[in-house]
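Undergrad: Next come the chains, spelled out residue by residue.
4 protein chains.
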Amino acid sequence: MAIRTDLALELKEMHTEEIAGVTSEERVEDGIKITCVKVENEEGARKIGKPVGKFITLEIDALKYEDDTLADNGAEVLSKEILKLMNLQKESTVLVVGLGNRYITPDSIGPQAVSKIFVTRHLSGIEGENFKFDFRAVSAIAPGVLGITGIETEETVASIVNIVKPDYVIAIDALASRRLSRLGTTIQLSDTGINPGSGVGNNRKELSEKSLGAKVIAIGVPMVVDASTLTSDIVENVGSFVAKKSEGKIFNMLGSLNFDERETLIGEAINEKAENMIVTPNNVDVIAKQAALIIAEGINRALHSELYS
Amino acid sequence: MAIRTDLALELKEMHTEEIAGVTSEERVEDGIKITCVKVENEEGARKIGKPVGKFITLEIDALKYEDDTLADNGAEVLSKEILKLMNLQKESTVLVVGLGNRYITPDSIGPQAVSKIFVTRHLSGIEGENFKFDFRAVSAIAPGVLGITGIETEETVASIVNIVKPDYVIAIDALASRRLSRLGTTIQLSDTGINPGSGVGNNRKELSEKSLGAKVIAIGVPMVVDASTLTSDIVENVGSFVAKKSEGKIFNMLGSLNFDERETLIGEAINEKAENMIVTPNNVDVIAKQAALIIAEGINRALHSELYS
Amino acid sequence: MAIRTDLALELKEMHTEEIAGVTSEERVEDGIKITCVKVENEEGARKIGKPVGKFITLEIDALKYEDDTLADNGAEVLSKEILKLMNLQKESTVLVVGLGNRYITPDSIGPQAVSKIFVTRHLSGIEGENFKFDFRAVSAIAPGVLGITGIETEETVASIVNIVKPDYVIAIDALASRRLSRLGTTIQLSDTGINPGSGVGNNRKELSEKSLGAKVIAIGVPMVVDASTLTSDIVENVGSFVAKKSEGKIFNMLGSLNFDERETLIGEAINEKAENMIVTPNNVDVIAKQAALIIAEGINRALHSELYS
Amino acid sequence: MAIRTDLALELKEMHTEEIAGVTSEERVEDGIKITCVKVENEEGARKIGKPVGKFITLEIDALKYEDDTLADNGAEVLSKEILKLMNLQKESTVLVVGLGNRYITPDSIGPQAVSKIFVTRHLSGIEGENFKFDFRAVSAIAPGVLGITGIETEETVASIVNIVKPDYVIAIDALASRRLSRLGTTIQLSDTGINPGSGVGNNRKELSEKSLGAKVIAIGVPMVVDASTLTSDIVENVGSFVAKKSEGKIFNMLGSLNFDERETLIGEAINEKAENMIVTPNNVDVIAKQAALIIAEGINRALHSELYS
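Chains as they are written, first to last, in our numbering: chain U, 52 to 360; chain X, 52 to 360; chain H, 52 to 360; chain L, 52 to 360.
Hints are computed from structural coordinates only; laboratory data are not their basis. Since no wrong hints were added, every one of them can be taken at face value.
To list a few chain L residues with every Cβ distance to chain U over 12 Å, as calculated:
1. I85
2. D123
3. E142
4. E287
Pairs of lysine-lysine, BS3-like flavour, derived with a Cα cap of 30 Å:
5. K135(L) to K115(L)
6. K131(U) to K340(H)
7. K256(U) to K167(L)
Chain H stretches covered by chain L per the calculated footprint, using a threshold of three residues with CB under 8 Å from any CB of chain L:
8. 146-160
9. 279-285
10. 333-342
Where is the CB? At the ideal position from N, CA and C, for every residue including glycine.
Based on the sequences and whatever the hints tell you, model everything.
TA: Shown next as structure tokens:
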């Protein structure tokens with residue numbers, strides 16, 4: 052069944068029992084609920100479908116409201132979590148990469164955030180009239196998407212990494228979640244980079260220390276649910292519901308179907324293909340703008356802490 | 052049940068039998084299938100939920116492909132259909148209105164199209180070095196949406212109409228359809244303006260000869276399906292499917308539910324609310340750009356035919 | 052001679068002696084130099100070419116640098132000056148108007164600022180889940196320019212004012228200055244609205260209490276110098292320079308020319324027309340973005356003070 | 052003296068006599084005046100300050116007017132001139148590079164044009180439902196500018212060339228001219244790539260076969276005059292004018308100044324620095340949009356001739 056999600060939290064939720072090698076912790080900080088899923092070994096990685104590493108989820112109300120004070124608070128908490136995933140030294144350099152298509156609103160978070168990053172690599176060592184630039188060298192790109200450039204994003208990023216030779220890459224991306232209720236409500240960050248899904252219908256390409264030769268921090272916000280994930284979930288649940296309501300008299304006809312029968316049913320049920328369709332909130336413009344602002348501000352604070360003390 | 056559609060074609064499809072006072076004709080022109088639904092009297096209007104008037108649907112392949120030749124052909128056919136809905140005199144003046152939110156890709160067709168309209172009202176009577184402007188007076192606005200301006204769109208449009216006093220308003224808008232398969236495939240135009248739905252969950256406001264004092268031609272492209280329309284349709288169809296497959300042994304449990312029970316089921320079935328969510332193609336940027344181009348070009352040709360002969 | 056400037060400060064500087072009916076005061080607040088030019092009566096107005104009222108100029112370094120702390124400080128000082136020009140009551144309503152062409156960077160300040168205004172008019176009285184909206188009713192529009200809409204900007208604004216009936220209009224605009232060194236360095240605000248120049252080659256249209264029926268606060272930043280103003284100034288100064296350097300042996304040939312001879316000279320001197328050309332800084336994108344941010348933030352603070360206390 | 056121009060035509064005009072090793076030819080085609088400046092050897096290159104190669108200038112009226120027919124004609128003539136500079140084989144691959152800053156209108160031609168390029172590299176060999184993609188492999192990037200990315204543009208381009216390994220790079224850029232009257236009136240194309248100026252105050256970086264390992268065709272439109280070039284020219288001309296008018300009684304005081312004295316004079320004459328200022332037409336939005344359209348269309352026709360026959 053083609054359930055697609057980029058959230059470690061949701062992958063974990065799909066398992067009702069404990070997963071060996073995967074732990075999870077929750078806490079609240081400054082009004083923000085923080086969940087940390089740790090994939091501790093290869094066994095856990097195989098089971099949950101995410102590589103070994105940490106996946107932090109922040110539930111931030113400021114994503115939904117254009118409220119400066121909430122946004123400020125969100126950026127501050129985010130910057131601390133970013134720093135916990137890095138081993139940032141005074142001389143460490145960083146390349147920020149905004150993934151996604153700037154012309155599709157829910158996919159524009161990366162490019163939007165990159166346009167707000169405080170870029171300093173070209174100023175390093177320069178002494179201005181009012182500033183002496185001894186800031187950390189930060190560069191930033193929005194490489195565009197395959198359909199627009201004709202070039203694989205990860206190839207472009209790898210080639211830029213090869214020029215800039217940063218110690219860290221921070222990659223910002225819009226994510227797919229399984230649940231509508233998660234859209235535009237959380238920020239996920241991880242120290243594993245961006246990973247292709249393992250059997251979960253995920254067509255994201257790898258951006259990782261292995262592929263790039265630099266440590267990769269990934270920051271994303273769930274902005275879409277694949278329409279086929281949504282329809283598949285509904286059909287599943289309606290089947291269970293009917294079975295339950297009939298108090299055993301009706302077996303779960305849907306649950307007993309094999310993959311092909313199920314696909315056929317979904318096709319008949321909605322009379323059409325849900326492929327290549329996405330579900331997104333109808334105020335996606337506000338969410339994308341706020342998310343880009345909070346992420347950019349969180350990164351700026353993490354990388355240039357001397358400016359915000 | 053909250054099925055939302057802005058397409059007369061789909062409203063008609065919801066009735067399996069003939070509707071008194073509503074006729075429908077199909078033909079093919081230059082490779083484009085054209086369907087004309089005519090609502091001929093108040094009885095038909097009440098039944099189909101659209102006012103008396105003509106609703107033309109063009110199925111245009113060029114919306115899906117960035118192909119100049121197809122686009123050119125589409126614009127040409129569209130311009131002829133526009134002219135058939137108008138009684139355009141040499142001195143008739145036109146205000147083109149691009150509705151929708153420019154920051155949400157599927158809703159940006161109106162503003163995008165308006166930016167390509169050949170605007171001439173301010174040049175009327177001017178003699179330039181190379182041109183003598185005896186073009187038709189055309190003006191164009193993209194009034195923005197309530198959430199961004201704080202002002203109802205139709206109030207803004209009415210006040211601009213009051214200044215410009217055009218003979219015709221052409222309003223361009225993104226539409227909601229019921230079926231995913233219709234997204235980005237057709238252009239609907241009508242001589243009734245833009246009408247609030249009658250009981251179909253439609254929150255569009257009226258832009259019509261009655262409300263504006265000028266004839267209103269509406270041009271739209273289905274760009275979204277409401278997620279609650281999609282989920283509602285799926286639940287309905289799965290119920291029928293289960294009933295049918297059990298060959299009568301299982302009655303259609305879902306079909307026998309009342310409105311509240313059904314809503315509760317949908318809530319349980321998808322474990323969350325689909326309200327305020329939209330479904331849209333994942334190449335919505337290409338479709339919106341192409342649709343805006345074809346519509347703008349079609350309008351430009353209709354209004355300034357002397358430039359294209 | 053066609054010197055164009057929208058700055059009261061520069062109009063005053065053109066007079067070497069005192070102007071009866073025009074006073075000027077300077078002070079420094081939070082590191083920002085504030086100059087207030089008061090036109091006290093009709094005599095002063097006639098002489099300086101600006102109507103009776105107050106013209107405040109803030110010299111803000113943050114316009115040049117992408118520095119959050121400076122910007123924050125600038126917005127705070129600006130918000131106080133805005134409030135001094137208004138008699139804002141709890142129930143006063145405001146329409147913010149972003150003038151200018153969003154597609155020309157130096158002219159885009161108005162539209163850019165409007166996109167950051169906290170718009171509340173449509174929420175007044177609504178109680179949300181987390182908010183009770185008893186905010187001041189604020190609406191905002193970017194009416195576009197004549198060349199794009201075919202409609203005079205001031206007509207559009209007047210018609211929107213007629214719907215919204217605000218107590219105050221705040222109009223944001225890019226300004227022309229005489230001096231290159233003033234570009235992107237100051238914010239001018241005034242309680243007179245936007246006024247067509249008197250004989251200074253200014254083609255701005257009036258937006259004032261007289262024309263709109265609401266008090267108008269104008270906020271602008273000098274973003275361009277007319278190329279013909281620049282060339283005219285240079286020719287003038289070179290003439291004086293030559294005369295001075297020759298210690299009287301050469302009279303100021305240029306100074307003794309009449310208008311037509313001077314125009315001919317300028318034509319010969321630069322071998323071409325400087326008409327319809329503007330001079331602007333080559334980092335105008337950064338300046339416009341920063342200026343829009345500071346102005347929007349200053350207005351948001353002034354109008355919703357309860358959010359920032 | 053710091054005269055800056057990117058146009059071979061203007062560099063040639065600065066020499067009143069013939070330049071050995073540099074030839075020039077004019078002709079008119081389809082109403083478009085075409086000038087070809089050939090730099091034939093190193094001696095010519097040294098004298099004119101441009102490398103050995105061809106520099107074609109097209110004077111295209113369509114740049115000034117939003118006229119589809121003129122634009123179409125311009126694109127057709129441009130596509131032929133592009134092909135004459137290339138030795139394009141059926142299997143030749145091309146990378147189109149849009150240089151410049153998308154957020155500064157006169158500098159946005161490159162990024163705007165790139166967004167209209169028909170990109171096919173990722174589709175090569177794919178068979179679609181309606182298309183069989185045996186198109187030439189074309190890719191396209193807009194690498195951004197140093198101030199925004201922190202990375203030198205030419206480094207980014209070189210690294211992308213290294214991935215894509217195209218036979219040709221076509222680089223699109225906004226140019227600086229010496230004369231206001233040339234702004235937005237001509238397209239220059241050359242087979243030498245983009246070359247840093249030799250002593251003409253030009254800070255463009257090299258993109259050439261030597262630096263990239265692929266043949267480079269450069270296409271540009273003069274969009275700005277450096278303000279210091281303009282002021283310098285005016286001061287020069289006013290000096291000559293005064294000398295001439297006085298019929299020898301006044302020697303050209305300005306002409307006899309050395310570099311420092313001249314700089315001081317300019318400083319006094321305009322009372323300020325013109326550094327880092329650009330002059331551009333006040334309808335630069337229309338010109339940039341039209342130029343991007345014509346250039347993109349010209350390139351699309353040249354590279355995919357089978358689509359336009």
